[in-house]
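Take a look at the letters that make up each chain.
2 protein chains.
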Amino acid sequence: MPDQEFIEGEGWDVFEYTADFRVGGREFSRFAFRGGPEIYNETVYHDIVPNERMIFSYGMGIGDRPFSASLATIELATVNGGTRLTYTEQGAYLGGADDIAGREEGCRDLFEKLALDLASH
Amino acid sequence: MPDQEFIEGEGWDVFEYTADFRVGGREFSRFAFRGGPEIYNETVYHDIVPNERMIFSYGMGIGDRPFSASLATIELATVNGGTRLTYTEQGAYLGGADDIAGREEGCRDLFEKLALDLASH
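If you read the protein sequences in the order shown, they are chains A and B.
In this text, residue positions in the first sequence follow the working numbering: the first is 1, and each later residue adds one.
In this text, residue positions in the second sequence follow the working numbering: the first is 1001, and each later residue adds one.
Don't take each hint at face value.
Which chain B residues face chain A? A few, computed with CB under 7 Å, are given here [claimed, not checked]:
| id | residue |
| --- | --- |
| 1 | 1041 |
| 2 | 1042 |
| 3 | 1044 |
| 4 | 1046 |
| 5 | 1055 |
| 6 | 1059 |
| 7 | 1069 |
| 8 | 1071 |
| 9 | 1075 |
| 10 | 1090 |
| 11 | 1095 |
Estimated spans, in silico, between C-beta atoms of each pair [what the hints assert, rightly or not]:
| id | chain 1 | residue 1 | chain 2 | residue 2 | range |
| --- | --- | --- | --- | --- | --- |
| 12 | B | 1035 | A | 104 | 44 to 50 Å |
| 13 | A | 11 | B | 1037 | 47 to 53 Å |
| 14 | A | 97 | B | 1035 | 44 to 50 Å |
| 15 | A | 120 | B | 1079 | 53 to 59 Å |
Anything over 12 Å on all C-beta distances counts as not near chain A; from chain B, calculated [as the list claims (entries may be wrong)]:
| id | residue |
| --- | --- |
| 16 | 1023 |
| 17 | 1024 |
| 18 | 1066 |
| 19 | 1083 |
FYI, nobody ran anything at the bench for these hints, they're computed from the structure.
Beta carbons: idealized from backbone N, C-alpha and C, even for Gly.
Put together the whole structure using the sequences plus the hints.
Take a look at the structure:
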């Protein structure tokens, strides 16, 4: 699971992490990166179809100030004997364009780590 | 509040409605239209700034089968002594294009009712 990768990333301190992985279930975490401010992530799972897709929304903020809310879909397809994962995020980013570039980079980084991890098994 | 309008609409039966209107708070409802199938709406409020904006995400489904997940923003601005409300919805609609047209019509209808209600006070 991506979250597993996420909470174990180097330089991240995780203060709280709960996940109820089912449709309508919630995930909540609080963490910081290299001693930075505390960030929260509040996720709700809207749809889970094993080996096919997942839809979830999540809000993030620093302290109790929201800085983004997103709707994310993950689609899985078998391609040439492997699995293609397509991640799509739609969002409202209160910090504007810089936030969007940073989010794309952050998501890409997480999925690259996930791919490396899967390839190692 | 739009939800107030919604749950009181003619032809709608509401079986459950709870709302915890604060950032991170949840709203949940189950309802049916003119004896149709039971629909649920599961909402999370991501950002609330009085007189300025509201960001929330919501999933909807029939029975326990999701049919859509959306990220919605409401922006309020003072224009010519009145208030302009801008509603933006980004979403994943599992039924495709028909769902999108229906959603737009449904949202428009709700906001028109809200406008009529506000004008009557």
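So, going through the hints one by one against the coordinates:
Taking 7 Å as the C-beta cut-off, the interface hint given for residue 1041 of chain B is violated, the closest approach to chain A being about 11 Å. A least Cβ separation of about 6 Å between residue 1042 of chain B and chain A falls short of the 7 Å threshold, and the interface hint therefore holds. At its closest, the beta carbon of residue 1044 of chain B sits 5 Å from a beta carbon of chain A; the interface hint therefore holds under the 7 Å criterion. The interface hint given for residue 1046 of chain B is met, as the beta carbon of that residue sits about 4 Å from the closest beta carbon of chain A, less than 7 Å.
Of the supplied interface hints, the one on residue 1055 of chain B holds, with its beta-carbon coming within about 5 Å of a beta-carbon of chain A, less than 7 Å. With 7 Å as the threshold, the beta carbon of residue 1059 of chain B comes within range of chain A, its nearest partner Cβ sitting at about 4 Å, so the hint holds. Checking residue 1069 of chain B against chain A: minimum C-beta separation of about 4 Å stays under 7 Å; hint holds. Hint status for residue 1071 of chain B relative to chain A: holds, with the closest Cβ pair at about 4 Å, below 7 Å.
This hint is violated: residue 1075 of chain B has a C-beta 10 Å from the nearest C-beta of chain A, more than the 7 Å allowed. Annotation: interface hint on residue 1090 of chain B holds; nearest CB of chain A at approximately 4 Å, less than 7 Å. Because the smallest distance between the Cβ of residue 1095 of chain B and any Cβ of chain A comes to about 12 Å, over 7 Å, the interface hint for this residue is violated. The beta-carbon spacing between residue 1035 of chain B and residue 104 of chain A, approximately 46 Å, falls within the hinted interval of 44 to 50 Å.
Residue 11 of chain A and residue 1037 of chain B have their C-beta atoms about 49 Å apart, which keeps the hinted 47 to 53 Å range intact. Distance hint check: the CB atoms of residue 97 of chain A and residue 1035 of chain B are about 48 Å apart, consistent with the given range 44 to 50 Å. A beta carbon spacing of about 57 Å between residue 120 of chain A and residue 1079 of chain B agrees with the range 53 to 59 Å that was offered as a hint. At the 12 Å boundary, the C-beta of residue 1023 of chain B falls inside the reach of chain A, the nearest C-beta of that chain being 6 Å off.
Not every CB of chain A lies more than 12 Å from the CB of residue 1024 of chain B, the least distance being 6 Å, so the non-interface label is violated. At roughly 4 Å from the closest C-beta of chain A, the C-beta of residue 1066 of chain B falls inside 12 Å, breaking its exclusion from the interface. The beta carbon of residue 1083 of chain B sits about 20 Å from the closest Cβ of chain A, which is more than 12 Å, so the claim that it is off the interface holds.
In summary, the structure is inconsistent with hints 1, 9, 11, 16, 17, 18 from the numbered list given earlier, while agreeing with the others.
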